[in-house]
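Undergrad: Listed below, chain by chain, are the residues.
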Amino acid sequence: MSTLEPGLDPQTDPYAASSRETTEGTVYTVTGGDWDELLGETTGDERIVINMGPQHPSTHGVLRLVLEISGETVTDCRLVIGYLHTGIEKNCEYRTWTQGVTFVTRCDYLAPLFTETAYCMSTERLLGVEVPTRAQVIRVLLMEINRIGSHLVALATGGMELGALTGMTNGFREREEVLHLLEFLTGLRMNHAFIRPGGVVQDLPEGAEKRILEFCDVMDSRLPGFHQLLTGNAIWQQRLVGIGYLPLDGCLSLGVTGPILRSAGLAWDLRKIDPYLGYEQYDFEVPTDNAADSFARYKLRVEEMHQSLRIVRQCVEALEPGPTMVEDAKIAWPAKLSIGADGMGNSLEHVRKIMGQSMESLIHHFKLVTEGFKVPPGQAYVPIESPRGELGAHLVSDGGTRPLRVHLRDPSFVNLQAAPAMCEGGMISDVIAALASLDPVMGGCDR
Amino acid sequence: MADDEKQPGVPSTGAGGASGPTGATADREIRAESSAGAVAQGPLEQHRPHAPTVTGRAREGMFGIDGSGDTSGFGGLRLPAYAPAPAERPYGGWFDEVVDETAAALDEGGVTTFEDAVPQVTVDRGEMTWYVAREHLPTLATTLRDDPALRFEFCSGVSGVDYGEGIPQQLHSVTQLLSMTYRRRLRLEVCLDLADPHCPSLVPIYPTADWHERETWDMFGIVYDGHPSLTRILMPDDWNGHPQLKSYPLGGIPVEYKGAEIPPPDQRRAYT
Numbered sequence: 000m001s002t003l004e005p006g007l008d009p010q011t012d013p014y015a016a017s018s019r020e021t022t023e024g025t026v027y028t029v030t031g032g033d034w035d036e037l038l039g040e041t042t043g044d045e046r047i048v049i050n051m052g053p054q055h056p057s058t059h060g061v062l063r064l065v066l067e068i069s070g071e072t073v074t075d076c077r078l079v080i081g082y083l084h085t086g087i088e089k090n091c092e093y094r095t096w097t098q099g100v101t102f103v104t105r106c107d108y109l110a111p112l113f114t115e116t117a118y119c120m121s122t123e124r125l126l127g128v129e130v131p132t133r134a135q136v137i138r139v140l141l142m143e144i145n146r147i148g149s150h151l152v153a154l155a156t157g158g159m160e161l162g163a164l165t166g167m168t169n170g171f172r173e174r175e176e177v178l179h180l181l182e183f184l185t186g187l188r189m190n191h192a193f194i195r196p197g198g199v200v201q202d203l204p205e206g207a208e209k210r211i212l213e214f215c216d217v218m219d220s221r222l223p224g225f226h227q228l229l230t231g232n233a234i235w236q237q238r239l240v241g242i243g244y245l246p247l248d249g250c251l252s253l254g255v256t257g258p259i260l261r262s263a264g265l266a267w268d269l270r271k272i273d274p275y276l277g278y279e280q281y282d283f284e285v286p287t288d289n290a291a292d293s294f295a296r297y298k299l300r301v302e303e304m305h306q307s308l309r310i311v312r313q314c315v316e317a318l319e320p321g322p323t324m325v326e327d328a329k330i331a332w333p334a335k336l337s338i339g340a341d342g343m344g345n346s347l348e349h350v351r352k353i354m355g356q357s358m359e360s361l362i363h364h365f366k367l368v369t370e371g372f373k374v375p376p377g378q379a380y381v382p383i384e385s386p387r388g389e390l391g392a393h394l395v396s397d398g399g400t401r402p403l404r405v406h407l408r409d410p411s412f413v414n415l416q417a418a419p420a421m422c423e424g425g426m427i428s429d430v431i432a433a434l435a436s437l438d439p440v441m442g443g444c445d446r
Numbered sequence: 000m001a002d003d004e005k006q007p008g009v010p011s012t013g014a015g016g017a018s019g020p021t022g023a024t025a026d027r028e029i030r031a032e033s034s035a036g037a038v039a040q041g042p043l044e045q046h047r048p049h050a051p052t053v054t055g056r057a058r059e060g061m062f063g064i065d066g067s068g069d070t071s072g073f074g075g076l077r078l079p080a081y082a083p084a085p086a087e088r089p090y091g092g093w094f095d096e097v098v099d100e101t102a103a104a105l106d107e108g109g110v111t112t113f114e115d116a117v118p119q120v121t122v123d124r125g126e127m128t129w130y131v132a133r134e135h136l137p138t139l140a141t142t143l144r145d146d147p148a149l150r151f152e153f154c155s156g157v158s159g160v161d162y163g164e165g166i167p168q169q170l171h172s173v174t175q176l177l178s179m180t181y182r183r184r185l186r187l188e189v190c191l192d193l194a195d196p197h198c199p200s201l202v203p204i205y206p207t208a209d210w211h212e213r214e215t216w217d218m219f220g221i222v223y224d225g226h227p228s229l230t231r232i233l234m235p236d237d238w239n240g241h242p243q244l245k246s247y248p249l250g251g252i253p254v255e256y257k258g259a260e261i262p263p264p265d266q267r268r269a270y271t
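Protein chains in written order, with numbering that gives the first Met the number 0: chain A, 0 to 446; chain B, 0 to 271.
Worth flagging that the hints you see were computed from the coordinates, not collected in a lab.
Since this is a predicted model, take the numbers as computed values, not measurements.
There's no promise every hint is true.
[Stated by the list, open to error] List time: in silico SDA-like cross-link candidates among lysine to any residue, alpha-carbon distance up to 20 Å:
hint : chain 1 : residue 1 : chain 2 : residue 2
1    : B       : Lys257    : A       : Gly344
2    : A       : Lys373    : B       : Tyr81
3    : A       : Lys366    : B       : Ala80
4    : B       : Lys257    : A       : Thr369
5    : A       : Lys373    : B       : Pro264
6    : A       : Lys271    : B       : Arg183
7    : B       : Lys245    : A       : Tyr93
8    : A       : Lys373    : B       : Ala269
9    : A       : Lys271    : B       : Lys245
10   : A       : Lys366    : B       : Ala269
11   : A       : Lys271    : B       : Tyr181
12   : B       : Lys245    : A       : Ile87
13   : B       : Lys245    : A       : Gly86
14   : B       : Lys245    : A       : Arg94
15   : A       : Lys329    : A       : Ile362
16   : A       : Lys373    : B       : Ala80
17   : A       : Lys373    : B       : Gly163
18   : A       : Lys298    : A       : Gln236
19   : A       : Lys271    : B       : Pro264
20   : A       : Lys366    : B       : Pro264
21   : B       : Lys245    : A       : Thr85
22   : A       : Lys366    : A       : Ile353
23   : A       : Lys366    : B       : Met179
24   : B       : Lys245    : A       : Gly399
25   : B       : Lys245    : A       : Glu92
26   : A       : Lys271    : B       : Tyr81
27   : A       : Lys366    : B       : Gln266
28   : A       : Lys373    : B       : Lys257
29   : A       : Lys373    : B       : Tyr181
[To be verified] With beta-carbon atoms standing in for the labels, derived distance ranges:
hint : chain 1 : residue 1 : chain 2 : residue 2 : range
30   : B       : Leu249    : A       : Glu208    : 51 to 57 Å
31   : B       : Leu249    : A       : Val350    : 50 to 56 Å
32   : B       : Gly251    : A       : His179    : 32 to 38 Å
33   : A       : Glu316    : B       : Tyr256    : 41 to 47 Å
34   : A       : Leu212    : B       : Pro85     : 52 to 58 Å
35   : B       : Gly109    : A       : Arg188    : 57 to 63 Å
36   : B       : Asp237    : A       : Ser220    : 52 to 58 Å
37   : B       : Tyr256    : A       : Gly127    : 21 to 27 Å
Idealized CB from N, CA, C, for every residue including glycine.
Next up, chain A with everything else stripped away, as it sits in the complex (with noise of 0.2 Å):
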């Protein structure tokens, strides 16, 4: 016998698993690490299935998760989806459509103000109207900052999942200064409503540029705080490098769009591809990576971060005084909203003119609030880029006030199938990886 050097043969590693035949039948040598070999002789056809969520800390919120496996290897992943089904697309059926865009907005509550993007800009197409310059601005700057918070919270449940407990309180840390941002531009941390059908709810409030650089400054010094504690991290790397591989093909044939799609190499972002609401005239880039991994996944959001605040910026400067509602009285809603006593509420100059002053705008008002307007039948699928990858509304109008059908084609849902194809054959803790990577949205899955 040669001198030992473990882990180099195992045939001499005294680690090794080994069995030797007595009397009273097989002794198994284990000696850790070591557990599939011995399993994969002994198991045989036993299968153990586990459930994992919809309850659970780790599924990224009510995602169940059924893994059929084998020693701590997933052979087979199946999910159930459905817990957060609320019922938006068919509520929607039963109100008009400038009050669809507060049932829209609570689908994906991350993202909530792409959800009403889509949705106002296909009831736009419907509609065969052009929104203001100024309104398509602040969308792209709302948007924006939406796209920011939302990865921050990719980031930070993501740490959270894995152990990285100081990625989590850091990316909500930073979650919070755009919500404040939000708040303060929209009046609401999420469930905005603040775009309407026709261009946006008001104007943006005084000081909102000084803010809105400020807040782009924060993050210009708290974003890099991101490589410094995760990026180069051995553990952080060694949990998400070759994690959740889903290459090309897998993409397009599983419909995965967005930081997936992205992350396989291809280019495809619908900001870029099919300009909408002004984007071709922003400077950005689309960051790309071939790892096709949960790693390349994690860089593109980060990436993604700062070409947005950068798109911010340019935002800033691209808003011009002008009006941000359409026009057309018929379409345009009476929104003539302001800080009041009690928070917000109508204008008293507005009701003081419409109650006593106007008999004709009383009328105009109360007919466009309790009718709504009519719509054009038709149909329109309007599809934008959210965080996540191609949000689209498919909207059907039969001439009334009120949507036909509401679908939205969300990306958490379809990204999600995407699921079993990256976390099959892989370890039960890398399931979690992988679908941190997915950045699924259960209130955008279920609707």
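Following the hints, put chain B in place on chain A, whose structure we already have.
TA: The following block gives chain B in isolation, referenced to the frame of chain A:
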């Protein structure tokens, strides 16, 4: 129906024949009254001009008043049902090219022709919709995906639309296709009868259609023949009914607010 070339000996009920992709019963014609019975279509019958797809209901009265003896004049408002107009050539833009390429590719394949597979083409608001004969949907989708000049390699989604009671072929299965190569979007629509809601599945061609079709089955009850496991996805497994159908109530209870009772949303007055 009088000039139909009926084939004797063919089962005369719509559900009698195979309703899958190869079934000959897929009845493309739109009938307001199907009491005559859905007759299996003979091959010659396919050359009949296609009746426009109706996707709206005729409206009467401004406030939906009927049977009330209303003499205010509001009841006199009458609007015909909306039907998306078949587009005329040239369609404009890349639309003509895609139609020509598809027609050529289908001819080459020899299974069907464009006229049979797509009885109606509509171009509306810059979007192209093909109303597809359901038995030809898999052939058409395969052609659209694989032909080098078409390359609709990406399926954005499948969903349903229920146009409501009284509309012929009220259920529509809508597929959004995307060609990343040429940056084009195309909508395929299959119109179905509520009594025979069968549509061939696109899962073998676009695996992403899996969950979309399960959702559409769940919400509308459209049966996608050939789907690997058509089960409910959003509603619980033991749920009854298909919630997105217009005949399915929204539910809700009246709410008292400042002394007044507000009825649930589906019982409030509608102005459409």
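Undergrad: Go through the numbered hints given earlier and state which of them the structure violates, listing their numbers in rising order.
TA: Hints 3, 9, 19, 23, 26, 28, 29, 30, 31, 37 not satisfied by this model.
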